[in-house]
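So the protein sequences, as listed, match chains A, B, C and D.
Each residue of the first sequence is one higher than the one before, counting from 1 in the UniProt record's numbering.
Each residue of the second sequence is one higher than the one before, counting from 1 in the UniProt record's numbering.
Each residue of the third sequence is one higher than the one before, counting from 1 in the UniProt record's numbering.
Each residue of the fourth sequence is one higher than the one before, counting from 1 in the UniProt record's numbering.
Possibly wrong hints are sitting among the right ones.
In this list, chains with the same sequence are indistinguishable; a pair is considered to hold if it fits within one copy or across any two.
Claimed, not checked - Here are the simulated DMTMM-like cross-link-like pairs (lysine to aspartate or glutamate), alpha carbons at most 20 Å apart as the crow flies:
#1 Lys206 - Glu146
#2 Lys2 - Glu41
#3 Lys297 - Asp276
#4 Lys139 - Glu202
#5 Lys99 - Asp138
#6 Lys139 - Asp198
#7 Lys297 - Glu274
#8 Lys297 - Asp275
#9 Lys206 - Glu296
#10 Lys231 - Glu296
#11 Lys86 - Glu41
#12 Lys231 - Glu274
#13 Lys194 - Asp254
#14 Lys99 - Glu250
#15 Lys297 - Asp100
#16 Lys2 - Glu143
Hints listed in this document are in silico derivations from the structure and should not be mistaken for laboratory results.
Number of protein chains: 4
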Amino acid sequence: MKLGLVGLGKMGMNLGLNMMDHGHQVTAFDVSPEAVKKFQEAGGGGANSLADLVQNLATPRIVWLMVPQGKIVDNLLDELRPLLTKGDIVIEAGNSHYKDSLRRAELLTGEGLHYFDVGTSGGMDGARNGACYMIGGDKQVFETIEPLFRDTAVPNGYLYTGPSGSGHYSKMVHNGIEYGMMAAIGEGFEILEKGPFDYDYEALAKVWSNGSVIRGWLMELTQSAFSKDPKLAGIRGVMHSSGEGKWTVEEALDVQVAAPVIALSLLMRYRSAEDDTFTGKVVAALRNEFGGHAVEKNPS
Amino acid sequence: MKLGLVGLGKMGMNLGLNMMDHGHQVTAFDVSPEAVKKFQEAGGGGANSLADLVQNLATPRIVWLMVPQGKIVDNLLDELRPLLTKGDIVIEAGNSHYKDSLRRAELLTGEGLHYFDVGTSGGMDGARNGACYMIGGDKQVFETIEPLFRDTAVPNGYLYTGPSGSGHYSKMVHNGIEYGMMAAIGEGFEILEKGPFDYDYEALAKVWSNGSVIRGWLMELTQSAFSKDPKLAGIRGVMHSSGEGKWTVEEALDVQVAAPVIALSLLMRYRSAEDDTFTGKVVAALRNEFGGHAVEKNPS
Amino acid sequence: MKLGLVGLGKMGMNLGLNMMDHGHQVTAFDVSPEAVKKFQEAGGGGANSLADLVQNLATPRIVWLMVPQGKIVDNLLDELRPLLTKGDIVIEAGNSHYKDSLRRAELLTGEGLHYFDVGTSGGMDGARNGACYMIGGDKQVFETIEPLFRDTAVPNGYLYTGPSGSGHYSKMVHNGIEYGMMAAIGEGFEILEKGPFDYDYEALAKVWSNGSVIRGWLMELTQSAFSKDPKLAGIRGVMHSSGEGKWTVEEALDVQVAAPVIALSLLMRYRSAEDDTFTGKVVAALRNEFGGHAVEKNPS
Amino acid sequence: MKLGLVGLGKMGMNLGLNMMDHGHQVTAFDVSPEAVKKFQEAGGGGANSLADLVQNLATPRIVWLMVPQGKIVDNLLDELRPLLTKGDIVIEAGNSHYKDSLRRAELLTGEGLHYFDVGTSGGMDGARNGACYMIGGDKQVFETIEPLFRDTAVPNGYLYTGPSGSGHYSKMVHNGIEYGMMAAIGEGFEILEKGPFDYDYEALAKVWSNGSVIRGWLMELTQSAFSKDPKLAGIRGVMHSSGEGKWTVEEALDVQVAAPVIALSLLMRYRSAEDDTFTGKVVAALRNEFGGHAVEKNPS
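Could you build all of it, start to finish, from the sequences and the hints given here?
What follows is the structure in structure tokens.
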């Protein structure tokens with residue numbers, strides 16, 4: 001198929017190359033001309049603006065957005081919409097909040113455009129060699145673009161999930177599960193680290209990747225990480241987060257689901273970003289107040 | 001190799017057949033003569049007592065215990081020890097507490113016997129077709145029995161983890177991680193179930209099993225479960241537990257590790273076994289006391 | 001002082017009587033004429049509409065809203081604003097979200113009115129006999145209405161907390177703390193209930209109310225609750241929630257505070273409203289899948 | 001009454017003075033001769049050994065132990081038992097584990113001695129001016145020593161809780177509740193600290209101590225702490241723990257109670273003692289593995 005790709009970051013570049021591997025004709029645009037140039041050198045088409053990109057496409061046009069979620073998507077859509085015509089298709093495959101996707105789908109659909117919210121999993125490696133997609137939008141139109149997903153996903157690695165919003169909603173929950181799983185793995189290794197035995201973590205992650213109940217890609221990645229740094233001595237345990245975990249917890253609150261594991265995996269990420277906590281100060285002060293327990297002083 | 005197998009339950013039977021597939025000569029004993037008979041019909045050797053089983057083996061004898069953890073292991077060892085002679089090898093591959101294994105290893109080692117504590121993962125399917133082992137005990141003696149593990153495990157699916165206790169310790173932590181992962185998956189699907197979209201859970205678990213970050217055996221099993229009952233309508237959400245999760249949390253407390261995800265996965269299992277909670281009664285009563293908020297009455 | 005009171009529910013009625021005890025002249029309006037009549041019988045003034053209520057007041061008028069949070073407040077304000085004139089004062093003393101209060105304060109201030117967001121604690125008993133107030137709004141105008149708060153609060157029981165929004169924000173956090181405290185008390189009694197001893201809970205709550213570290217009003221209320229029903233046998237442990245706990249957790253997420261205790265106290269409330277969970281079904285199904293562990297069947 | 005007091009630490013010294021205030025004749029022993037001397041200067045009796053202390057008492061002797069829990073109690077009892085005679089009474093009022101108390105009660109009762117396990121709450125101030133006691137042991141013998149508790153407790157501040165072990169069990173749970181409450185308060189103030197308003201925490205804790213639902217001694221102590229250091233700037237938020245919280249969680253696990261609030265209050269104490277976590281390292285490494293997310297490096 002012929003399509004335009006907007007965004008040549010870590011994910012977009014890999015996806016574009018992946019598409020081309022499967023015979024799709026991709027014209028790409030990015031705010032960075034260097035990225036566009038790099039993509040052209042790899043055999044892709046380049047555009048120097050959204051308008052330029054759109055001009056390269058025949059109707060019904062397909063524009064695939066692979067950019068960070070948030071305002072940037074809205075800005076791109078505001079710029080794109082006047083350039084597109086009825087029946088054109090926008091695929092937004094970043095990590096957007098499903099409520100944003102619902103709003104955008106309504107906006108574009110109202111103008112006769114088609115909008116797909118696509119959750120993309122599998123990391124950079126998946127983008128390059130076989131991704132995993134959850135796709136929300138119109139089912140019949142989906143079938144016209146299905147080859148794009150089929151070709152760039154691993155076998156059985158894409159799913160039409162239902163109406164608009166359902167793609168990003170399921171991706172949000174996927175990431176919530178991911179937060180919980182990663183925390184479980186982390187906690188397990190911390191217990192090992194504090195416990196009485198001296199394990200070879202790379203070897204343990206490897207054996208757990210082969211035949212155990214907890215085998216899977218995250219355990220394989222754990223093995224990979226330990227293969228580079230056996231005790232992760234070079235890494236600070238600061239766990240950043242980019243939104244989906246928080247959205248999952250907020251959604252759990254809205255639909256009144258007790259999701260303590262996912263919630264705590266998020267809260268411990270926040271905790272990891274702090275050197276000290278006010279909670280701790282208050283509790284330490286209280287212990288001192290009633291029991292005379294010594295507090296640790298801050299250096300003045 | 002030639003060995004005795006004690007215990008022909010769900011795991012033991014499958015493991016015994018697995019061993020025989022790889023040419024090992026297995027004589028089995030179980031408290032159930034029917035189980036022994038079934039094993040014999042499958043081509044294995046049968047013993048009608050521990051003494052009978054030991055008599056069938058040449059020194060250094062290898063006896064593999066595959067029985068439920070706890071008192072039953074101690075009782076078996078009390079009966080076995082007088083029947084064995086110096087240099088004989090006992091492999092205990094159930095889900096014992098590592099502190100029990102340390103104690104038992106000390107006892108048997110003091111008598112000139114060799115003791116291996118082996119964590120076995122992979123479920124019944126793994127036992128039959130390729131298990132995952134974490135093995136604690138003497139390294140040199142381990143090498144003499146290594147073929148047993150290599151042959152019955154999946155490729156790369158066994159690891160000598162270190163001295164006595166280290167096998168069961170790592171299996172305990174493995175199961176703690178498993179608790180957390182399973183809870184994360186469960187919570188995710190509960191959010192989906194309460195959320196605004198109507199997903200085909202089997203299809204979603206399938207796509208998440210192919211290319212996503214959270215792919216792995218547990219997600220494949222999730223797909224399998226939904227393939228049998230699309231909304232799990234026939235199942236009560238009571239999550240039993242058999243010990244290792246609790247041990248992991250207790251160990252975390254002992255070594256002062258903040259492991260909230262694993263801890264919460266366990267506490268929610270306990271919660272699931274209750275129809276109502278005293279905590280809830282107290283909080284409801286308090287809300288009524290200060291705010292006049294209505295309580296839900298129990299039918300009298 | 002002379003003021004109008006809108007809302008004669010559990011809190012408003014008690015507060016109105018409390019105000020009158022201290023010599024304030026209160027004209028009240030409620031959608032229920034019976035409530036107004038009851039208030040009049042207690043010596044208060046009654047109005048049959050907001051317009052009627054406003055007419056009874058001299059400028060600068062003081063109107064105290066004591067109604068459930070949400071749309072109802074906005075509707076009242078929409079009706080009130082045209083009736084008021086510059087310099088009039090609106091006190092909103094319900095449990096509103098602070099962001100609503102910020103928005104409303106901006107709206108009314110823009111029209112020359114004064115707006116105070118007031119968190120009111122102490123329950124019905126406090127409303128009647130001595131409440132606790134956290135008050136946000138203009139400091140100088142606050143001083144003109146300070147007698148209202150001083151007279152109807154317990155000694156030291158009111159605080160000007162700062163600009164608009166700060167009253168309800170601090171009340172929100174107060175309630176978050178309350179959720180956590182109540183859960184801690186509930187969990188403690190549940191451990192006692194499951195533990196090896198047979199306690200007289202009323203007596204225990206009483207002794208804990210006298211001299212212990214955890215003494216306070218909530219423990220006194222615990223005693224009171226047990227005095228009416230020694231084992232709370234008549235109460236279902238369903239813990240409803242009315243918003244502030246959720247807002248506190250959402251705020252914690254927004255400002256990236258690890259607040260696990262408050263978060264879990266909320267999640268367990270949600271859990272208490274469920275007979276069974278999808279999380280539990282998934283985990284039980286998974287245990288069956290890999291280990292052949294029996295599931296509990298739903299009656300068909 | 002006449003009694004011997006063993007242990008003149010923070011709690012013992014205050015309790016001894018409290019006893020004397022109410023006319024009891026106290027002979028005290030401590031490993032520190034200075035403490036004994038100080039107690040004598042305050043009007044008390046002093047002993048230079050346990051034997052000396054016992055000799056000062058008439059049968060049935062009453063010996064009150066006020067020492068740190070653990071081995072020290074067992075050692076004292078081993079030394080005391082041969083010095084005592086049938087019918088003598090030992091009161092152990094420290095924070096012992098109830099299982100230790102059960103064991104000790106059985107030991108002493110078997111020798112014809114009486115043993116009381118007493119949970120003492122109220123902190124140092126309570127010890128000096130009015131404590132709170134939970135008392136387990138023989139009910140009839142308890143009545144003979146009841147004046148000691150009545151006189152040194154606040155009004156209604158002591159309770160005979162039942163057979164041996166029940167005193168310390170209820171104190172353990174009391175402390176578990178205390179952990180949860182303190183964490184709830186701490187988390188609340190941390191949200192305030194990170195939130196959009198600038199509160200006077202001392203003033204807020206004061207108003208919350210007067211009329212609010214969460215009023216109580218802990219909130220008064222919070223006010224006191226902020227009165228000394230308005231933002232607790234001088235304190236590190238390291239929350240030490242001395243055992244009872246851990247025991248409460250372990251007990252919750254044993255009796256299968258979902259006590260997430262108390263459990264998390266404990267786990268966050270452990271977290272506060274760490275500068276960095278292995279959990280965090282693993283999660284950060286995993287995010288880097290699959291998504292190329294940057295990790296924070298440790299300075300080498």
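Each hint tested on the structure:
no.	hint	verdict
1	Lys206 - Glu146	between (36 Å within a copy, 17 Å between copies)
2	Lys2 - Glu41	within (18 Å within a copy, 63 Å between copies)
3	Lys297 - Asp276	both (12 Å within a copy, 19 Å between copies)
4	Lys139 - Glu202	between (44 Å within a copy, 19 Å between copies)
5	Lys99 - Asp138	within (17 Å within a copy, 36 Å between copies)
6	Lys139 - Asp198	between (54 Å within a copy, 14 Å between copies)
7	Lys297 - Glu274	both (17 Å within a copy, 16 Å between copies)
8	Lys297 - Asp275	both (14 Å within a copy, 15 Å between copies)
9	Lys206 - Glu296	neither (41 Å within a copy, 25 Å between copies)
10	Lys231 - Glu296	between (29 Å within a copy, 15 Å between copies)
11	Lys86 - Glu41	neither (33 Å within a copy, 69 Å between copies)
12	Lys231 - Glu274	between (22 Å within a copy, 17 Å between copies)
13	Lys194 - Asp254	between (38 Å within a copy, 10 Å between copies)
14	Lys99 - Glu250	both (12 Å within a copy, 17 Å between copies)
15	Lys297 - Asp100	neither (47 Å within a copy, 34 Å between copies)
16	Lys2 - Glu143	within (15 Å within a copy, 59 Å between copies)
Hint violations for this structure: numbers 9, 11, 15, all remaining hints satisfied.
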